[in-house]
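Chain residues, written in single-letter form:
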Amino acid sequence: MTTGGWIFMLVSVGFVVSLVTYCYYRVLTAPKEIVEPPDALGM
Amino acid sequence: MTTSKQQWGSRVGVILAVSGSAVGLGNFLRFPGQAAANGGGSFMIPYFIALLCLGIPIGWAEWTMGRYGGRKGLHSAPAVLGVIGRGPIARYLGTAGVLIPLVVYFYYVLVESWCLAYFWQYLRGGLGIDTAAPIADQAAASTSFYYDFIGYEFDGVMFGGGLHESVVFWAITFTINVFFVYRGLSKGIESFCRWAMPLMALCALFVLVRVLTLGTPDPTQPEQNVVNGLGAMWNPDLEALARPQTWLAAAGQIFFSLSVGFGVIINYSSYLRRKDDVVLSGLTASSTNELFEVGFGGLITIPAAFIFLGASGAIAAAQAGSFGLGFQTLPVVFAHMPAGNLIGGIWFLMLFLAAITSSLSMLQPVMAFFEESLGVGRKVSTTVVTLIGLAGSLFVIWFSKGSAALGTLDFWVGTLLIYVLAGVQIICFGWVFGVDRGLKEAHQGAQMRIPRIFRFIIKYVAPLYLIVIFIGFCWKDLPGAVRGILESESAVPMYSLLLILAVATLIVVVTAIGARRWHAAGYDLDGLRLPEDEQPESVPPTARREGARA
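Heads up: the protein sequence lines correspond to chains U and H, in order.
For the first sequence, counting from 1, position 17 maps to 17 in our numbering; every step adds exactly one.
For the second sequence, counting from 1, position 283 maps to 283 in our numbering; every step adds exactly one.
Isolated chain H, as found in the complex (with noise of 0.2 Å):
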């Protein structure tokens, strides 16, 4: 059996990798226009509360439970959730942990391309938006720019007449996704996430600085200025309080933004070593995410688009959605912004450096699962994952045709799974593992503890919690999706259902593989036994390792 060898170089490394996981698109272009259309500042109640009943302790359990299965050998969460909720249901259950970063990397790093696509753009003299045009014709021509770019109108676009551009872009993005995840953790993901990490900091400070040094940049529309724009995005609403959306959408957004029920958090804690502290480092991932998230994304987007486009272009912006906000009207704002070429540049280049440090956490959990299951190397998962990253990808640039794959997808893995894998967690977790042993297992090499409140959070509220806003996404939500398929005039949608499908049974297939496997080399699969290490010392280890077979 192959073991891996795969560990961390650094503490802080292992917490940059993890904050780099979770710092993404989302929040820079997701979270500012949820809060701003739901409330404003008054949005950030229900905001912390779901960050502390439903991320914090969420991600504690992730990084316990990772590195619990860790300690036995066992780095994919297949393998890792079968050790925590002790049998096969949660193994096969677990298998979401390696479907959905691998499905969501399909599209995830075509996004990441665009972000180095428009970067390039700014670095050549940004996308031609003529200023002196009425707002209208400028938004519609940066959408064209994009529409274009991304193929929206036609199918296949990208692929006729010759090699388009977008196509380049993300073939270089994704070689340098494949580059780093094959150096392995240590050289590869810690070593790019201890300079990129920094580095986006250092972009998103920069731009922040610019937008909040803005003043009034148009003398004869003083209203428009920056106080106003951070009124746009911060003057609470009370009465959004008591709208279920505004609590459905605030929890829905910690959840996503601290990238909890992903599968990526187990698998990188599972190669910390049994004193390595995971309650002091979940927290400060955490709160590297939240200082990306309210910190810069709270305070650049929506005032930006306030100062140049108004209230109505705020107000549009937020309703605009992640891509939306992102590639279309911010490309307006930094065409009217003083240096807004450069502006552009750093700011894209700091989405690209968000979504590359994602993109490399879906990588990683997937190779570790094939390269553990199948008993293989790095240079054979890397192959076997970049095959079925291609194919997949390939498929949503193909069916480019009103974003309809990457929607699909996005809809039905990137979130609906979401919610399943981590209500599956925190179950193994606080019910299955049990909650006490959880917390003592949490608290070992731990720098700091974890509070006795967190006890009734993990194992009462975030479940409940859970259930309660799936209900409602699924309420809300779930209808149109099924009407979507099912009306639908294209196949597409069927066609990334069935790929969904396709993958979702060739990773229990392998899982099945690996759990044959891993039996027949005495793994403790179905967590009945303790760890090595907490063995009573009276027996000697090979006496332990021999029982184990046994």
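Chain U on its own, in the form it takes in the complex (with noise of 0.2 Å):
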């Protein structure tokens, strides 16, 4: 394996791996959805 295989499976890998930790990390961290009650009194 040539040092360009290298650098483009380590760069290519790294890159997916990093985008679907940082988006599971903002979906699973996102604050939980807070669910309005019934707005009994009309305000």
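Hints may contain errors.
[To be verified] Covered stretches of chain H, as calculated for chain U (at least 3 residues, CB under 8 Å):
#: 1; stretch: 9 to 21
#: 2; stretch: 279 to 285
#: 3; stretch: 394 to 405
#: 4; stretch: 465 to 478
[What the hints assert, rightly or not] Heads up, simulated SDA-like pairs for lysine to any residue below, C-alpha to C-alpha not over 25 Å straight-line:
#: 5; chain 1: H; residue 1: 275; chain 2: U; residue 2: 30
#: 6; chain 1: H; residue 1: 275; chain 2: U; residue 2: 26
#: 7; chain 1: H; residue 1: 275; chain 2: U; residue 2: 22
#: 8; chain 1: H; residue 1: 187; chain 2: H; residue 2: 175
#: 9; chain 1: H; residue 1: 476; chain 2: H; residue 2: 411
#: 10; chain 1: H; residue 1: 187; chain 2: U; residue 2: 28
[To be verified] Far from chain U by the CB rule (all over 12 Å, computed), these chain H residues:
#: 11; residue: 147
#: 12; residue: 152
#: 13; residue: 485
#: 14; residue: 500
Derived by calculation from the structure, the hints in this document are not laboratory data.
This structure is a prediction, so every number in the text was calculated from the model and none was measured.
C-beta: ideal position from N, C-alpha, C; glycine also.
Using the supplied hints, reconstruct the complex from the two chains, each of which is provided in its own coordinate frame.
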């Protein structure tokens, strides 16, 4: 495997692993949605 | 009018369902062949450019359009595109968003059943390939098993002389699909994807670790080792970047891999609420697909083929096409691999899971279409879609010789029509609905902002990119496909086209019926009004509704 091969492989795989990690981190650490109670007072 | 009561159970659930739709056989079988045959590592330059300029922006557009249509009470591609594209032209072009998943399902469920059958075969001890024989004989044995199994030599062979084994696996696979889709979005598709996707990742990780720890299995051939196997896949050939074919292949791979232009994402996202995020969710689903494609697909198949079959075997594997690599070359590789039957079984289980999460996503938009257009319930739509699916799939099974029916349906609907639908979608979103309005809509409830550069990409780059690759595709492949129909001794390609035409006619007629019903029920079918939850607060909801129907 050439140096170029290593570079392309590591950068490509590293990019997709970083991207998916970042995305799932953002999704899973997002604040839980607060369900608004019915507006009983009409306010 | 029957209104849909379907909804997603959780945000992760919908992300996994969309990811499951995107991750399919192409991630593991098509991508490595395309990359290795088009410049190795350097293929990734046009590949990532296409991801940024085509895959991710069209995906965001689909997520946004679907959610917008859902807020107006519409869930099928024709109805949603009619709203976004403001009129009947977009609505009828949107029928492709039903035709594509339905017709692709005809053959995809069959290929899916092959994966299940191969998994079962490995549990029973493998394909019986004699590793002491010359490699050519092993490849011939593998090919013979595959051809016999799928009835490649003769039409109708799978129904001749009793029930063919492949038909049994097809029936099982078909039933599983119908069962989960009938259970609905949350209890069926989402529940299934919530455990199938992690299991698929585990299977892929297991096979990947096995391949990367193979070392040099045959000491008499020290050059056939893991590092050189990775080199066979990743060593860059920078001259390939000067060839248009490389750019076409990369764009095509991104395009088909992400399931954009398929009609699925529009339907799935139509069940989201106004404040549900679509930007981060869309990016997460795309990145999940990329993980399976680049992270697993790019490290497993070609290196494994190189390690056991040598450089010539790896080249042959890259050129064998998806089915050739998956069902003919890899069984030879597994036969040589330590614990090969176990690895082969896990590999085909993974392929089966990848395929079924995709096929489930093909049925759901079609069922939603019939429910919405005809005002029928889940039971009736399931029955209708099952009957059409059975007829179409049996057609593909019967005309199995040379995979003629499968190949024809895949070319005209599973490839060409996807370009058309994606083009319609991005033009409706960027030009008719308006890119600024579209991005504003996308940012409702979004957890991240779409970078400003994507305004330019969505409006100009993506449509132009699509047109260029579509012209390139037509230039390269269309004449051969037309000749294949006109000059073929077999009538099967023509029958296949007639089948497509019949299904398309049915969908257009049902759309026309649906349009009349939607108009009569007061739906804003041509996208002329703001959604109810965006109209001025001063107008009472009842007045808005009455005004809408006036």
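Outcome of the hint check:
no., hint, in the structure
1, 9 to 21, "holds (count 3)"
2, 279 to 285, "holds (count 4)"
3, 394 to 405, "violated (count 0)"
4, 465 to 478, "violated (count 0)"
5, 275/H <-> 30/U, "holds, 14 Å"
6, 275/H <-> 26/U, "holds, 17 Å"
7, 275/H <-> 22/U, "holds, 22 Å"
8, 187/H <-> 175/H, "holds, 16 Å"
9, 476/H <-> 411/H, "holds, 13 Å"
10, 187/H <-> 28/U, "holds, 21 Å"
11, 147, "holds, 35 Å"
12, 152, "holds, 35 Å"
13, 485, "holds, 39 Å"
14, 500, "holds, 35 Å"
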